[in-house]
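Asks: Whenever a hint applies, use it, and build me the whole structure from the sequences.
First to last, the protein sequences are chains A and B. Note that the first sequence covers residues 0 to 315 in numbering that gives the first Met the number 0. Note that the second sequence covers residues 0 to 315 in numbering that gives the first Met the number 0.
Identical copies go unnamed one by one, so any copy, or any two together, can satisfy a pair.
Listed below are the simulated DMTMM-like cross-link pairs for lysine to aspartate or glutamate, each with C-alpha atoms no more than 20 Å apart in a straight line: (1) 290 <-> 24; (2) 84 <-> 102; (3) 302 <-> 249.
Think of the hints as simulated: they come from the structure by calculation, not from any bench.
Number of protein chains: 2
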Amino acid sequence: MKKVVVIGEILVEIMADTTGDGFRDVQPLTGPFPSGAPAIFADQAARLGQPVSIVSAVGDDDFGQINLDRLRSDGVDISGVFIDKARPTGSAFVRYRKNGDRDFVFNIRHSAAGHLHETAAVKALIGNADHLHIMGSSLSSPEFVEANLKAAESVRGRGGTISFDPNLRREILAASDIAGAMSRMVALTDLYLPSGDELTLLTDADTADAAIAELLGRGVRAIVHKRGAAGASYHDRHGSVSADAFAVTETDPTGAGDCFGATFTVLWLRGLPASDALRFAAASGALAVTKRGPMEGTATLDKLQDFIRTTEGPIA
Amino acid sequence: MKKVVVIGEILVEIMADTTGDGFRDVQPLTGPFPSGAPAIFADQAARLGQPVSIVSAVGDDDFGQINLDRLRSDGVDISGVFIDKARPTGSAFVRYRKNGDRDFVFNIRHSAAGHLHETAAVKALIGNADHLHIMGSSLSSPEFVEANLKAAESVRGRGGTISFDPNLRREILAASDIAGAMSRMVALTDLYLPSGDELTLLTDADTADAAIAELLGRGVRAIVHKRGAAGASYHDRHGSVSADAFAVTETDPTGAGDCFGATFTVLWLRGLPASDALRFAAASGALAVTKRGPMEGTATLDKLQDFIRTTEGPIA
Numbered sequence: 000m001k002k003v004v005v006i007g008e009i010l011v012e013i014m015a016d017t018t019g020d021g022f023r024d025v026q027p028l029t030g031p032f033p034s035g036a037p038a039i040f041a042d043q044a045a046r047l048g049q050p051v052s053i054v055s056a057v058g059d060d061d062f063g064q065i066n067l068d069r070l071r072s073d074g075v076d077i078s079g080v081f082i083d084k085a086r087p088t089g090s091a092f093v094r095y096r097k098n099g100d101r102d103f104v105f106n107i108r109h110s111a112a113g114h115l116h117e118t119a120a121v122k123a124l125i126g127n128a129d130h131l132h133i134m135g136s137s138l139s140s141p142e143f144v145e146a147n148l149k150a151a152e153s154v155r156g157r158g159g160t161i162s163f164d165p166n167l168r169r170e171i172l173a174a175s176d177i178a179g180a181m182s183r184m185v186a187l188t189d190l191y192l193p194s195g196d197e198l199t200l201l202t203d204a205d206t207a208d209a210a211i212a213e214l215l216g217r218g219v220r221a222i223v224h225k226r227g228a229a230g231a232s233y234h235d236r237h238g239s240v241s242a243d244a245f246a247v248t249e250t251d252p253t254g255a256g257d258c259f260g261a262t263f264t265v266l267w268l269r270g271l272p273a274s275d276a277l278r279f280a281a282a283s284g285a286l287a288v289t290k291r292g293p294m295e296g297t298a299t300l301d302k303l304q305d306f307i308r309t310t311e312g313p314i315a
Numbered sequence: 000m001k002k003v004v005v006i007g008e009i010l011v012e013i014m015a016d017t018t019g020d021g022f023r024d025v026q027p028l029t030g031p032f033p034s035g036a037p038a039i040f041a042d043q044a045a046r047l048g049q050p051v052s053i054v055s056a057v058g059d060d061d062f063g064q065i066n067l068d069r070l071r072s073d074g075v076d077i078s079g080v081f082i083d084k085a086r087p088t089g090s091a092f093v094r095y096r097k098n099g100d101r102d103f104v105f106n107i108r109h110s111a112a113g114h115l116h117e118t119a120a121v122k123a124l125i126g127n128a129d130h131l132h133i134m135g136s137s138l139s140s141p142e143f144v145e146a147n148l149k150a151a152e153s154v155r156g157r158g159g160t161i162s163f164d165p166n167l168r169r170e171i172l173a174a175s176d177i178a179g180a181m182s183r184m185v186a187l188t189d190l191y192l193p194s195g196d197e198l199t200l201l202t203d204a205d206t207a208d209a210a211i212a213e214l215l216g217r218g219v220r221a222i223v224h225k226r227g228a229a230g231a232s233y234h235d236r237h238g239s240v241s242a243d244a245f246a247v248t249e250t251d252p253t254g255a256g257d258c259f260g261a262t263f264t265v266l267w268l269r270g271l272p273a274s275d276a277l278r279f280a281a282a283s284g285a286l287a288v289t290k291r292g293p294m295e296g297t298a299t300l301d302k303l304q305d306f307i308r309t310t311e312g313p314i315a
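Replies: If you want it as structure tokens, here you go:
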């Protein structure tokens, strides 16, 4: 089985119990939930039985511990998680607005998760990895961009593969000078996993078709375009295949894209046909949105199979 | 009316709804509550009609805004509060254990509140202050110790006065080299406001009487020894006077000592007899413990008078 590594933030999420605008009033909350897009990805990959590690840092506090406990118990290798004695574990407060948008209060950049520590354990994990997954949300500083690029070059140099989920906000791209680094990252990517209009984000294209052609032309081997409740499509040089989303009652979409991406990536690494991998990934995303909390909906392969079997099936 | 300034942390507090051990499980929470010992002190002083400002920093987020809104609306001068665009507002998660102890997860040192900004507004506030209140909780770094010492020397040099609440943990004192700075701080103090066994903390004494004698000998003019539900005592060169606590149902003791200290300090600055100031301060602390949230129990002079009038009176 191929060894997967992901570099990025481990956080706790605190969720508002009511819908509304932000956090300027005292209100009922629930948390801490284990979170962080790379941590959710790693947790979902581990629950599928894939050897996976996360390179990250948490504070020496209960918020770090709740994450370490969860990741360890679900099978993630946490030897690359640095315990920062000085900084607190990163956090994200999230409140849904009535229209489905979200307000956040973040503590990431100046938290434990905002600083990399290239320990011996980290070097070993990256040196032994067969696959690196890059999370756009983790590319918030030049330090993290460089670490991911360096790891990607190392893994690729040994014949390994790279997947990249460009969950970057356009403001970040526009505000900083990371466009060049992003271009280098795309050039190293085997499996590209954009959501919605992220498909054109790192391209010169205006349309989906043009973006897909451009990305395949730049060396990306496979593209999975995630479109939430509207399903997902897979594209490579040989053609395209699509899968509908499963019809479920949405409780909390946070983390669903990360579960989808992890499940697709793991099954792609195992050589499953794209249509099958898409179907399992859709089930993974569907289970995630039915659970409150970003990492609460991760599932084993058995559970995904049961879900697919017992659900009416993809909507037509 | 004398102008009061306080330098230190503005935070939000997130309270666990249940008693128990810490934050290693998903649980019901309530918040964000405006908080931070210096902020509570300033808010209570402002509600008594005293001109008061706070020198602090918050993030450019909802947690900063909820504090600024509250402090401004209660009459605190917030011109000395820096809005830090990079760092988040400080936070404290608090959960009461069944035995009354508390577990915390802090984000202070690396938050906006952990960094000082000597703006023109700050210089003006300190340059015009008649009184500086020093919060021990704010002396967590050499930068804050130096800023408070410098401000104290400036205020004292112009004939102003200093109050000091040494709410420092013994571990902090032991672990760091701030003992010398604390000794300088005591030497600049007019009104000293220790709680419980903090009375002997910055002295060579083992007993309360010896500590009081030593502090008065070192130039402290007045000592108010806060003892929570066991009442409080005032000591100066002329003698001592005590006041019982009011008998109230305790909902949340956090912030009660800061309200007590603010009310005593304000009335002491106005020249009230110590026995009267102690009685109002006891009422202020009592009201604070009846309200959930650290800053929710601050009260006007009218409200304190009503409380004293309608309560059965101090327990005998």
